[in-house]
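Residue numbers (the numbering used here), protein chains in the order written: chain A, 1 to 345; chain B, 1 to 345; chain C, 1 to 345.
These are calculated hints, taken from the structure and not from any lab test.
Values in this document were obtained by computation on a predicted structure and should not be read as measured data.
Hints are not guaranteed to be accurate.
The list cannot tell twin chains apart, which means a pair is met if one copy fits it or any two copies do.
[As the list claims (entries may be wrong)] The calculated DSSO-like cross-link candidates involving lysine-lysine, where the alpha carbons are at most 30 Å apart (straight line), are:
| # | residue 1 | residue 2 |
| --- | --- | --- |
| 1 | Lys60 | Lys314 |
| 2 | Lys188 | Lys60 |
| 3 | Lys38 | Lys333 |
| 4 | Lys188 | Lys21 |
| 5 | Lys21 | Lys37 |
| 6 | Lys188 | Lys295 |
| 7 | Lys295 | Lys60 |
| 8 | Lys38 | Lys334 |
| 9 | Lys314 | Lys37 |
Okay, here's what each chain looks like letter by letter:
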Amino acid sequence: MSYLLNTWYLAAWASEIETGKLFHRRLLDLAVVLFRKKDGTPVALQDRCPHRFAPLHMGKLLDDVVQCPYHGLRFDSGGRCVLNPHGPIPSAARVRPFPVVERYSAVWIWMGDPARADPELIVPFDFMVPEQWYVGTGHLLIHANYELETDNILDLSHIEFLHPLFASEAVRAAQVQSVQDGETVWCKRFMVRDDPPDFIRVGFQIPPGELVDRWLDVRWNAPATMALYAGGVTSGRPRESGLVVQQAHVFTPQNATTTHYFYAISFPRTLGEEGARRAQESVATLRAPFELEDKPIVEAVARNMGDASFWDLKPLLLQMDTAAVLARRILAKKIEAERAAAAGA
Amino acid sequence: MSYLLNTWYLAAWASEIETGKLFHRRLLDLAVVLFRKKDGTPVALQDRCPHRFAPLHMGKLLDDVVQCPYHGLRFDSGGRCVLNPHGPIPSAARVRPFPVVERYSAVWIWMGDPARADPELIVPFDFMVPEQWYVGTGHLLIHANYELETDNILDLSHIEFLHPLFASEAVRAAQVQSVQDGETVWCKRFMVRDDPPDFIRVGFQIPPGELVDRWLDVRWNAPATMALYAGGVTSGRPRESGLVVQQAHVFTPQNATTTHYFYAISFPRTLGEEGARRAQESVATLRAPFELEDKPIVEAVARNMGDASFWDLKPLLLQMDTAAVLARRILAKKIEAERAAAAGA
Amino acid sequence: MSYLLNTWYLAAWASEIETGKLFHRRLLDLAVVLFRKKDGTPVALQDRCPHRFAPLHMGKLLDDVVQCPYHGLRFDSGGRCVLNPHGPIPSAARVRPFPVVERYSAVWIWMGDPARADPELIVPFDFMVPEQWYVGTGHLLIHANYELETDNILDLSHIEFLHPLFASEAVRAAQVQSVQDGETVWCKRFMVRDDPPDFIRVGFQIPPGELVDRWLDVRWNAPATMALYAGGVTSGRPRESGLVVQQAHVFTPQNATTTHYFYAISFPRTLGEEGARRAQESVATLRAPFELEDKPIVEAVARNMGDASFWDLKPLLLQMDTAAVLARRILAKKIEAERAAAAGA
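Take the sequences, apply the hints, and build the full model.
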């Protein structure tokens with residue numbers, strides 16, 4: 001399994017990495033330990049002591065330094081050994097550090113060439129800037145390859161069948177636009193003159209009796225980083241006068257068959273406590289369908305595919321798969337380019 | 001692992017496939033969904049939507065049509081797509097159908113070339129025709145290769161050691177005849193002038209004090225389809241005047257290392273309610289030794305064999321293995337013939 | 001995975017093999033059944049009937065003979081078939097016997113060429129001769145390769161970090177001598193003028209206020225057979241006047257990734273009941289750090305190494321690794337010599 005390496009992966013929600021604690025997670029089939037320095041800056045190191053390969057996360061965090069649980073070697077936030085309790089520090093005593101950046105309520109990790117780890121390459125999630133938004137966040141572990149999750153989010157026509165409580169047949173019958181813009185893919189669904197269920201109406205503050213123009217716009221960027229804009233307005237009025245609820249759906253491979261699912265929903269800080277409450281409540285509400293409806297089907301798809309690759313199984317592609325196929329092709333091309341560059345180097 | 005393909009496998013007991021429900025089972029390492037049409041006819045399809053590989057059994061049965069759980073495509077009993085809720089139906093939108101026949105209280109599936117699926121090739125189990133017999137049925141999942149189960153049933157000399165409650169040493173000391181008749185193998189044990197335990201005596205309605213002539217005749221057909229005729233008569237009288245209890249022991253591979261064990265016992269409908277009661281009680285009684293005595297030993301044998309093949313381990317064959325070896329050779333020859341035909345085609 | 005074959009492995013503590021019972025354990029990836037003859041002599045056979053591969057340990061022990069659970073074949077302590085209830089005994093009806101010797105409170109097994117199984121090659125553990133010592137024994141199953149356990153015991157500098165209750169920093173700061181003597185490796189730690197925790201002081205019967213000279217000497221022999229001598233004396237006095245507590249740490253691979261950990265601690269029979277009590281109490285006390293501190297870290301190391309070999313991962317070796325590296329090299333050389341001899345034969 002080849003992963004795209006020179007890209008930012010969401011490693012953890014910012015809130016998962018607590019001050020004074022060692023947090024660990026397997027990412028791209030590598031063990032990673034994460035922690036915060038005293039000044040709050042996040043740090044990521046390979047979770048394996050170079051001496052005898054003990055996981056550092058089982059050790060201790062002493063200020064900005066990690067102590068190995070087995071023989072007490074200490075490493076700083078750059079992975080340099082700063083103490084060998086048993087003698088001089090060998091020059092080779094280093095743990096691999098990974099560039100990390102805290103942004104958009106998350107900690108992003110770069111697992112490729114550190115020299116190319118430009119924070120400006122992080123996919124923007126303006127609606128998760130914590131100074132301006134209350135961001136409700138969640139995490140699920142999915143037993144399926146991460147690209148199956150890209151497929152899931154980029155084609156929301158499944159909502160009618162998989163999430164009966166969340167949507168009417170309007171979603172499926174929507175006008176759909178799948179567009180590639182550089183290396184970004186958009187799948188935009190537009191539902192005109194819809195008569196949606198009450199809770200959707202309430203969400204967009206549209207009184208009973210009035211028809212609704214709704215949209216579900218998904219933005220994808222490699223590797224599997226998606227934003228979902230769910231908007232609604234009284235039918236006929238301009239979109240700009242409507243309300244939009246903004247979600248993140250970001251997937252990081254634990255390995256080829258297991259995926260970290262990071263999801264979030266945002267409400268503006270201008271709403272005050274009401275916004276904080278809605279962020280918490282909404283993210284808790286979202287978890288149910290993600291965990292009880294999407295996860296089982298995506299995992300069943302993975303089991304049904306076995307060891308075969310997606311393309312080898314010759315999927316019957318339909319029009320609504322356009323965006324997901326664009327995304328799969330961009331990702332494949334980028335991975336291939338990395339391989340070719342590595343071979344040429 | 002190669003399976004014999006052009007043959008009928010027992011897929012499920014007829015009673016397992018309930019009207020209006022989707023039933024699924026893994027057979028020969030393929031996911032299969034089974035259901036009944038409104039007219040009761042059983043249907044089997046590959047349990048994988050051709051679009052994005054979701055298992056159809058997680059969807060809905062709408063009259064004679066299956067709706068995929070993920071995006072709502074519908075397939076009829078022939079595997080043809082009859083509805084694509086998202087647009088026109090692509091001509092490639094088909095699920096693989098499997099020929100199935102309901103006969104002898106079971107649903108039989110043909111996983112090879114459909115053109116060759118002749119129902120007359122189903123191994124006859126006259127004593128399971130539901131119009132004439134009460135048939136008690138059971139199912140166990142065995143973590144062993146199915147041929148180890150053929151070995152088990154074709155050599156009942158193990159009864160004395162593995163099922164102490166069920167048999168005296170008479171079974172082991174019986175006269176044994178192992179015969180190949182075309183592609184059918186018989187292993188017939190005959191015990192003359194036996195003084196069996198009371199419950200066996202009662203089963204054959206032979207009063208205390210009288211000696212018994214007993215027999216245990218097992219008929220095997222490929223792939224692993226066996227009938228067991230257990231008979232008894234007052235010693236010296238003709239067999240025809242005795243009683244016979246008839247069982248089925250049919251094995252279908254789930255995969256190379258796991259096997260569906262279908263067992264049954266029949267009593268004639270002429271016995272009325274008494275026959276129905278005995279079928280139910282007997283099949284429940286049989287389960288205990290199958291589950292608690294045969295299953296553990298056969299699974300332990302499988303673990304002890306590891307990944308090695310039966311022949312590579314050079315089993316020490318004894319006379320009582322004659323029938324099982326005949327069966328293994330017939331099956332191997334039939335699989336080899338299929339391979340050769342496929343290579344030549 | 002290649003194991004050293006022509007060597008004695010600890011198969012079980014003598015007390016584990018009870019009279020009249022069949023004991024079984026997987027060793028070097030082979031199933032082994034162990035029992036005692038009526039005269040108490042231990043016996044080891046491959047735990048697999050040559051007929052149809054049932055595990056013999058599921059059968060019966062009848063005096064000095066094992067009866068297979070499946071078809072009742074009987075094998076004597078030399079592995080010869082002595083009864084085939086179904087006919088004559090084929091000359092090939094043999095189970096592989098393994099040489100075993102009961103010595104030092106343990107049963108040792110030889111899994112290589114039986115002609116070379118010289119009991120004098122058993123690594124001496126004088127302090128486990130049951131006539132002179134009370135020996136408390138224990139067993140743990142470790143999910144890691146056995147050489148990681150050699151590493152663990154041969155470098156006790158980990159005590160400070162992994163077993164905070166058991167040792168002060170004195171252990172780490174000790175004078176360390178790593179010596180190879182023939183095919184024996186010693187790692188000797190000497191702590192001069194130590195002020196140890198009370199329970200250590202009590203163990204060595206040194207009154208409060210007095211400084212202690214302590215030592216921890218570990219002796220290794222292939223494959224992974226270690227003795228630990230933990231001694232202490234009032235500082236400045238000769239070692240011979242001090243007390244020594246003697247432990248065994250012996251590891252036998254179940255397979256490449258799972259290891260039997262046999263540990264023991266001895267007290268002289270001259271102590272009478274007090275010695276018996278201390279052996280029992282001490283071995284129970286030892287279990288806690290072995291199970292709750294060493295086992296988790298060694299297993300985490302194994303997981304962190306994945307399928308890679310120790311040397312391929314390029315461990316950062318420190319001075320305290322000298323003894324463990326000597327041991328790894330001796331073992332590798334011995335295995336290589338066996339391979340070469342086998343290839344030349």
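*For the identical chains here, do Lys295 and Lys60 meet the 30 Å Cα criterion within one copy, between copies, both, or neither?*
Cα proximity of Lys295 and Lys60: across copies only (18 Å, versus 35 Å in one copy).
_At most 30 Å between alpha carbons: which applies to Lys314 and Lys37, within, between, both or neither?_
between (49 Å within a copy, 29 Å between copies)
*Between copies, within a copy, both or neither: which fits Lys188 and Lys21 at Cα up to 30 Å?*
This pair counts as neither: shortest intra-copy Cα distance 41 Å, inter-copy 36 Å.
*Is the C-alpha distance from Lys188 to Lys60 at most 30 Å within one copy, between copies, in both cases, or in neither?*
between (48 Å within a copy, 28 Å between copies)
_Intra/inter-copy verdict for Lys60 and Lys314 if alpha-carbon distance must be at most 30 Å_ = between (50 Å within a copy, 24 Å between copies)
*Lys38 and Lys333: within-copy, between-copy, both or neither at 30 Å Cα*: Cα proximity of Lys38 and Lys333: none, with 41 Å in one copy and 49 Å across.
*Is it within a copy, between copies, both, or neither that the alpha carbon of Lys21 lies no farther than 30 Å from that of Lys37?*
within (10 Å within a copy, 57 Å between copies)
*For Lys188 vs Lys295, is the C-alpha pair at or below 30 Å within one copy, between two copies, both, or neither?*
within (23 Å within a copy, 53 Å between copies)
*Given identical chains, is Lys38 near Lys334, meaning Cα to Cα at most 30 Å, within a copy, between copies, both, or neither?*
Close neither inside one copy (37 Å) nor across copies (51 Å); limit 30 Å.
Comparing the model with each earlier hint shows violations of hints 3, 4, 8; every other hint is respected.
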